[in-house]
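Turn these sequences into a full structure, and let the hints guide you.
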Amino acid sequence: MGHYLRYGYLFITPAFVAITLALIYPMLSGMLLSLQQVAIDFSTTFVGLANYEMVLANPVFWRTLGNTFFFATVSTICTLGVGLGMALLLNYPALRMRTLWRVLFLMPWTISHVAAGLGWKWILDTLYGVANDLLLRIGAISEPVLWLASRDWALASVIVANIWRSYPFLMLLLLAGLQAIPQQQYETAAVDGASPWRRFIHVTLPNLRFLIFVGTILDFVFNVRQFDLIYVMTRGGPRNATEVLPTFVNRLAFEFYQYGQAAATAVLMLVVLMLCTIVYMRLLKVAREQE
Amino acid sequence: MKPDPRIALLVNVVVMPLLALVLLFPILWMFVVSLKPEDETYSTPLSWIPDNPTLANYANMWHALDFQTYFVNTLVVAGSTTLLAILVAAPAAYGFARFRFKGSGVLATLLLSTQMFPRVILIVPYFVIMRHLGLINTYPALITIYLAFALPFCVWMMRGYFASIPVEIDEAALIDGCGPLGAFFRVVLPLCLPGLVATAIFSFLVGWNEFLFALIMTTTKDMYVITVGLSALIGEYKTHWNELMAAAIVGSLPAMILYALLERYLVRGLAAGATKG
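So the sequence lines, in the order shown, correspond to chains A and B. 42 is the number of the first residue of the first sequence in the numbering used here; add one for each residue after it. 1383 is the number of the first residue of the second sequence in the numbering used here; add one for each residue after it.
Treat the hints loosely; a few may be bogus.
As the list claims (entries may be wrong) - Only some residues are given here: those of chain A computed to face chain B with a beta carbon under 7 Å: (1) Y48; (2) A135; (3) R137; (4) D174; (5) R266.
Calculated from the structure, these hints are not laboratory results. Cβ atoms here follow ideal geometry from the backbone N, Cα and C, with glycine treated the same way.
Shown next as structure tokens:
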């Protein structure tokens, strides 16, 4: 098919025109906007790095950065734990009605972040939420906890909702990985007298390493980008306790009309995300070389 | 390596049902609240099974709160996005699966990497551009944005399906006198129909559940999609939680059903990725 090669370009051209117009152009335009001041009538003036200076001097930005990092790191680690546990259970050889369980446990991932966030918001309501109702009934607490309305609990509450919404992705990914492990590796280990725990450490984990690596990176990126859930549950409050970079950008743009600063914050977020990915890959390379 | 029958019994009869109850509890609770009359929602201690179950909340959200309009809007936006995405992504996926042209590797990586970008960087520029074009509160604005989000993912997914079709089939079509376009449209594409349908449904679901950009691009109620309609019910002077939960349940049903049906495609796709690694 050698002389048909030029058709390769023909086939991909529509997609690249669409991506350039609808994604790459707006992205570059966003970077440009971060260097501009946008007036009320949307006329722009070039201001150099002034937007970045304003953002970096704003204590809320640093608080937000910390929140984002905490939210994403804790969420990712816990989601990995829950996802791996669920995958192992679903891969249990004597499990019956496998498909039914898999579909049921997938459900939290199928509903929108908005619906999930609203459901949790009402569950965690101080006066009429079922969480406090349950805990009061069993005597675990003596008075209602302000899950979303207090600075102590808000971020943790949002993280719990987020883990609930996102574990099925890692569950399915790791389940696919578990099913791809050759059965004879387990049999060899069993013949050698390895306990279930040792089989997990020496057969299961090494085989899953690549997927755990890919899954955690993807999940971390999803978590850093998370807007919907936090927006509907707390709008970033109380007093910035759950403000993360995406909600902060949204607030800067559509509450304070600081479009330039919002664009600058988004660019900073891109940089942070890329740095995180690079550091993570480096750490992983070091860990691999030490093996 | 035979599983202990006692543990098997424990897992099947106790652990799994209990876990399902715990993990599905938020959804079950949303359903319970959606069936309660308003006064029962605000009387403590809460009733865990509605004393006076009613479907009035469903009727109210559909008519009085106008979720019927939001449903139609969501359907139009997600549906158009899907059609366009498949139309543009299928040829591109075929191009990447079949032709090794100059820069094809770089271009494929570039396309995929756009998927990982934080979308927040697009909030301000999209708003400014769409405002400039006078497209705020229109379908084309949302369709364009969702198309940009769905395309890379559609190309990636369909490339896998095309790659699984033997090249000999294309070659036979070429020998029979089809041009490359004919070979693609008349021979290879029909063979990939199941993959095409799966990809289409996934991109539909992306549009169905999206929130952030719909929130920014729509300011009038007649243009709201479901997610924006839901979030708009919060923060007004009074939140109608019963209707809100009814709307959340109905709004989630299509996605729940489609994902349940497509679950094996999802697992298969992930499994293909898993073995390649």
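Hint check results:
Annotation: Y48/A was flagged as interfacial toward chain B, and the flag holds, the nearest CB pair being 4 Å apart, inside 7 Å. At a threshold of 7 Å, the smallest CB-CB gap from A135/A to chain B is about 4 Å, leaving the interface hint in force. This hint holds: R137/A has a C-beta 5 Å from the nearest C-beta of chain B, less than the 7 Å allowed. Interface restraint check: D174/A against chain B, minimum CB-CB distance 5 Å, threshold 7 Å, status holds.
Hint on R266/A holds. Least Cβ distance to chain B is approximately 5 Å, under the 7 Å limit.
Checked against the numbered hints given earlier, the structure satisfies every one of them.
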